[in-house]
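Given these sequences and hints, build the entire structure.
Protein chains: 2
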Amino acid sequence: MNAPKNAFYAQSGGVTSVINASAAGVIETARLHPEKIGKVFAGKNGILGALNEELIDTSLISAADIAALRHTPAGAFGSCRYKLKGLKENQAEYERLIAVFEAHNIGYFFYNGGGDSQDTANKVSQLSLEMGHPITCIGIPKTVDNDLPFTDSCPGFGSVAKYVAVSTFEASLDVASMAASSTKVFILEVMGRHTGWIAAAGALAQPHAQGAPHIILFPEVAFNQAEFLQKVQNTVKQKGYCVIVVSEGVAHPDGRFLAESGLRDAFGHAQLGGVAPYLAGLIKSELNLKNHWAVADYLQRAARHIASQNDVDQAYALGKSAVELAISGKNAVMPIVVRDSHSPYRWHIEDVALSKVANVEKKVPKEFISEDGYGITQACREYLEPLIAGEAYPPYKNGLPEYIQLSLQTIPKKLKETVI
Amino acid sequence: MNAPKNAFYAQSGGVTSVINASAAGVIETARLHPEKIGKVFAGKNGILGALNEELIDTSLISAADIAALRHTPAGAFGSCRYKLKGLKENQAEYERLIAVFEAHNIGYFFYNGGGDSQDTANKVSQLSLEMGHPITCIGIPKTVDNDLPFTDSCPGFGSVAKYVAVSTFEASLDVASMAASSTKVFILEVMGRHTGWIAAAGALAQPHAQGAPHIILFPEVAFNQAEFLQKVQNTVKQKGYCVIVVSEGVAHPDGRFLAESGLRDAFGHAQLGGVAPYLAGLIKSELNLKNHWAVADYLQRAARHIASQNDVDQAYALGKSAVELAISGKNAVMPIVVRDSHSPYRWHIEDVALSKVANVEKKVPKEFISEDGYGITQACREYLEPLIAGEAYPPYKNGLPEYIQLSLQTIPKKLKETVI
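Residue numbers (UniProt numbering), protein chains in the order written: chain G, 1 to 420; chain B, 1 to 420.
One or more hints might be untrue.
[Claimed, not checked] As a list, the in silico DSS-like pairs of lysine-lysine whose alpha-carbon atoms are at most 30 Å apart:
hint	chain 1	residue 1	chain 2	residue 2
1	B	Lys290	G	Lys414
2	G	Lys284	B	Lys83
3	G	Lys416	B	Lys237
4	B	Lys237	G	Lys239
5	B	Lys83	G	Lys414
6	B	Lys290	G	Lys83
Honestly, the hints are just simulated from the structure, not real lab data.
Have a look at this one:
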């Protein structure tokens, strides 16, 4: 009987606070099936690790350290922004990948990423079959943007949503308590280049923070400057203050991002975006209202300290399920979360073909955005609420979380050429 | 025997995630001494509540709701940015304050704020004595900036420090895992207009995040652009990435804030600051390094979800102590935290005269800043570490903290005139 095939696991694209929980799910589950899966190699810096033959042997990592990945944010093995081109444009790259897999007896490819990554995994599956060295390719969903189709939500999103909801709640209390004599408007800029899922999560603070946030700006709704300013002014008049949560991807009706509105410094250098400071400037110059703004940027997607328990559980379960699907003989699929009920929140895992997932972007649907375009509907609230439920605190020592940082030793290379 | 005098409690200036814990300390302790203190009135929106005779009767608030203040951020009674002028310039304002106190049989004034507030409390004490209606005035320290003298630290600071240390740690892991193919430099802007205590706290992530953050910029150190850029470039070369924590108050050698560097939008409108986007623009234009930036703004000082247990404990203890000092006959003093030892961290409470505290700003001392000006020393680390220790999580329901929001009913006015 042949030795079991090894597996290759890679993290792809922007990291999240729970992508390592998926890694833990993959590695711990593979370790339960030594008769089916040999070693799990992790790509150093994602798919670049395969292309450069930089493979981390996870069998050398202790069970305790793998378990600690479950509460550690960011990409423990390194991730990358590197999209393989189409098969026709750069078949050599795919062939290189498959050559590396062949050299290390890799028969399973677990790719933990967003839509592009699922597309890549699908192509590797097809091409490897054509080349006579079939690789079982399973995608594992991951994206803070929550923009993958079919799955109820994407691991990473629930925790960002919780961070944004909690932060909006806290900042709203702050502004409310000072507004009589100080700041009237607060703007929180959150991620979401094309979809407003993260901004929508800010609205979860609403019933708790006595009406705040008052305005949500979605990329799905074209920015109407006059209407927006009117709404800010009315809110300040009626409530005494106004809290705004804005997606980085909010755009003018002609498609230009607000964040690319041509800021220049004193020397005329073009300034990097930030839709929050843009809106702050607008509110100051047009309404003369004192305002403050925050840009959460990486803090939001790295905030494992305030991760959602449901999100961590799903990230782990999807990693685990990916391995189980592979072992059961499935190929070119991605496990997804299917919701059974809102309250109590119940879910189970199914799978869909990668070909269906690839390059489909799930936007916030119309029925989730309130009629005026500045808030969420009850349906959206019901969808979002379970995703932020539960606190999955990491362990602490001396005031700081005990996140694990692995030493990433790669195994000896077997191939001569390098491509990247 | 006369009825005991009532007390007036007010929150002042920028709020924090633990100022309500001080309020709970004041109110709960006063309730233990009904023979000495009658009702505790809270000023609606701080000292404005006294000037406008808008007094909240805290005796109507349940014990459970007062207890919940201990885990609720921001100013539960409202705060304000309103500085009373000097006695000579506006004695009428002080006289009005004392008239309101007299009308409501108020004999105790607890003022929860920074240096300006301690100065005000001191003046009220003096003038009320001269006017024959002596008020016992006790200051309660509060400032995220940690800039009050005598006290080991200021309530509010430890929790911001924890937020900044944890966030810097998390964002550093994020950047490190992506740097091979993506963002090389990350900049986190934190509060601190005149002092770098909060920025210094970012350095607590250092031994944990494998070297990051690499650069701390303090208001206490004049910005040297060429040297800074060189250091960023060297760090990226050596480590692959660079994490920077910058105080909002960092200034050029001539004293101009970096954040006031004349940003203009496409229409020529002056843009509100942000030292982080300023540095980001500089790093992009001068070094052509891909970077990201975050501005924490109110999120940091409102972040009760990641408050330091020691900070919460001290905030409460100082409120409690203020009442005990008043009852024991002290006047025109402020309770302070005195550190007995770093490790194990031990502290006790003493008090100092308000006259000594007023308008003194404690900056980060030279021996706490590393020789090159971009980091902290071991002495600074020993000072800071206990301040962020312990997690004081609020209770949660459906994924969000259960922060209390009081309904602020004011009592009937007794005076006719209003001044504000």
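With the threshold set at 30 Å, check whether the alpha-carbon distance from Lys237 of chain B to Lys239 of chain G stays at or below it. violated, 51 Å
Taking only the CA atoms, is the gap from Lys290 of chain B to Lys83 of chain G under or equal to 30 Å? holds, 18 Å
Are the Cα atoms of Lys284 of chain G and Lys83 of chain B separated by 30 Å or less? It holds: about 24 Å lies between the C-alpha atoms, which stays within 30 Å.
Straight-line alpha-carbon gap Lys416 of chain G to Lys237 of chain B, limit 30 Å: At roughly 27 Å apart (the allowed maximum being 30 Å), Lys237 of chain B and Lys416 of chain G satisfy the hint.
Decide if the proposed pair is consistent with the structure: Lys83 of chain B and Lys414 of chain G, CA atoms, cutoff 30 Å inclusive. violated, 72 Å
Against the 30 Å threshold, does the CA-CA distance of Lys290 of chain B and Lys414 of chain G hold or violate the hint? violated, 34 Å
Hints 1, 4 and 5 from the list above are not met by this structure, while the remaining hints are.
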